[in-house]
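Given the structure of chain A, go ahead and fit chain B onto it with the hints provided.
Given next are the chains, with one letter for each unit.
Number of protein chains: 2
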Amino acid sequence: MAAAAPPPAPTPAATALPDPTPIGYPLFTRIRLATASDVPHIHKLIHQLANFKHLANHCSATEASLSSTLFTSPPFQSFTVFILELSHTPFPPQLHTQYSLFSPITQTITLDLPIDDPEAETFKSNDKDCGFDVVVGGFVLFFPNYSTFLGKPGFYVEDMFVRECYRRKGFGKMLLSAVAAQAVKMGYGRVEWAVLDWNVNAIKFYEDMGAKVLQEWRICRLTDEALQAYANPAI
Amino acid sequence: MAAAAPPPAPTPAATALPDPTPIGYPLFTRIRLATASDVPHIHKLIHQLANFKHLANHCSATEASLSSTLFTSPPFQSFTVFILELSHTPFPPQLHTQYSLFSPITQTITLDLPIDDPEAETFKSNDKDCGFDVVVGGFVLFFPNYSTFLGKPGFYVEDMFVRECYRRKGFGKMLLSAVAAQAVKMGYGRVEWAVLDWNVNAIKFYEDMGAKVLQEWRICRLTDEALQAYANPAI
Numbered sequence: 058m059a060a061a062a063p064p065p066a067p068t069p070a071a072t073a074l075p076d077p078t079p080i081g082y083p084l085f086t087r088i089r090l091a092t093a094s095d096v097p098h099i100h101k102l103i104h105q106l107a108n109f110k111h112l113a114n115h116c117s118a119t120e121a122s123l124s125s126t127l128f129t130s131p132p133f134q135s136f137t138v139f140i141l142e143l144s145h146t147p148f149p150p151q152l153h154t155q156y157s158l159f160s161p162i163t164q165t166i167t168l169d170l171p172i173d174d175p176e177a178e179t180f181k182s183n184d185k186d187c188g189f190d191v192v193v194g195g196f197v198l199f200f201p202n203y204s205t206f207l208g209k210p211g212f213y214v215e216d217m218f219v220r221e222c223y224r225r226k227g228f229g230k231m232l233l234s235a236v237a238a239q240a241v242k243m244g245y246g247r248v249e250w251a252v253l254d255w256n257v258n259a260i261k262f263y264e265d266m267g268a269k270v271l272q273e274w275r276i277c278r279l280t281d282e283a284l285q286a287y288a289n290p291a292i
Numbered sequence: 058m059a060a061a062a063p064p065p066a067p068t069p070a071a072t073a074l075p076d077p078t079p080i081g082y083p084l085f086t087r088i089r090l091a092t093a094s095d096v097p098h099i100h101k102l103i104h105q106l107a108n109f110k111h112l113a114n115h116c117s118a119t120e121a122s123l124s125s126t127l128f129t130s131p132p133f134q135s136f137t138v139f140i141l142e143l144s145h146t147p148f149p150p151q152l153h154t155q156y157s158l159f160s161p162i163t164q165t166i167t168l169d170l171p172i173d174d175p176e177a178e179t180f181k182s183n184d185k186d187c188g189f190d191v192v193v194g195g196f197v198l199f200f201p202n203y204s205t206f207l208g209k210p211g212f213y214v215e216d217m218f219v220r221e222c223y224r225r226k227g228f229g230k231m232l233l234s235a236v237a238a239q240a241v242k243m244g245y246g247r248v249e250w251a252v253l254d255w256n257v258n259a260i261k262f263y264e265d266m267g268a269k270v271l272q273e274w275r276i277c278r279l280t281d282e283a284l285q286a287y288a289n290p291a292i
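Chain order of the listed sequences is A and B.
Residues in the first sequence are numbered consecutively from 58, following this note's numbering.
Residues in the second sequence are numbered consecutively from 58, following this note's numbering.
Keep in mind the hints are simulated off the structure, nothing from the lab.
Incorrect hints may appear among the rest.
In silico SDA-like pairs for lysine to any residue, Cα to Cα no more than 25 Å straight-line [said to hold, decoys possible]: (1) B:K242 with B:E215; (2) A:K209 with B:S125; (3) A:K209 with B:V257.
Just chain A, same shape as in the assembly:
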């Protein structure tokens, strides 16, 4: 019978060397209410969204048209925009909330690799209270809708967009969750939005989060000459 084998030599990992430094790159995120000073960024994001959908020729929004139609009433009462900001350094604590109804939402995520943002300069945030590396990464535009059957309001999300280099990190979910949280806070009954029926990945994402896709309903749209004509009917 052979003698008991000697204990195996310790592998390098089992030596007294210190644990490897945790791998990761922190990215600080903030969702805040947009204001009129964000219109230039929102305008660029809308046009990137139109390009992404291959609908650039249908996009006639200008900084002037956005400025004259957004931010004309208090947030949540009408058209409301949340801005997603990203920074490599922590956001300063909020000394005051912008509005009593909403405090900016900050969150820190850890990335495996740093993100190279080729448009960092273009999308540098205009919030003067923040560091110089804060960039705008996306937005969501929503407004109150109403359910006659529930007898109460909800929110309708018209558009949501995250810039290309920041996708697949959960930021879309963060923006949509911020809208959902605000709806719950205000006692609203629903959050709704529209999706293209062939966008199966998006539909799966929405269904996984608990949303129902209303298969039987179709949106009707009256616009341009037909709208003008219908505004002056003969019974």
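Relative to chain A, chain B alone:
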């Protein structure tokens, strides 16, 4: 060859009898902005609409929930209701408009037969300036929506309803046209609403009026427990 036939004897219609009295019953109509005092009628109309759609068990609107959520901001800025009123006598001239943005729309139609309204007492209008035979016949509820691509608002029609005895007279078209006219007046870009895909009569009616049915889009809805859960996400 036979002699020329004598001229035919005059028929009774060709005699000197006077023309028959024009047949018809005038019905005077008015579309006006609803106010908080219309909530009891709106509440009953919403429940009739729910019954009509066989969705009564999904209808939880109460007078209290409607009162606390409607008419809390000026018309057209948020949820807005037009009321359709009907009368056998002309409406008095408008001494003043309710709001500078909207003057009630009056129109007279001629019916072949008078309408028997079995609910006339229940739906008697509460407008003190009108005669005693004015009844509420229907409503439309709408609110501003927003197109990021156009960079301007539109109107979304959430629900429209005409009581059974007044259907097929063009009142639905009158209500929808009033919304379209207001959209044009305010420089808005679109009027939108939803229709069930199996409601082929409604779809034909909408397409005949020039509306497009967006076949590829589906509405997503987050509500109840799923909304609550999504409001507190972990990225």
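Do the hints match the structure? See the list:
1. Under the criterion of a C-alpha separation no larger than 25 Å, the hint pairing K242 of chain B with E215 of chain B is consistent with the structure, at around 20 Å.
2. Our distance criterion of 25 Å between C-alpha atoms is met by K209 of chain A and S125 of chain B, whose separation comes to about 8 Å.
3. Distance restraint check for K209 of chain A and V257 of chain B: the Cα-Cα separation of roughly 29 Å exceeds the 25 Å cut-off, and the hinted pair is therefore not satisfied.
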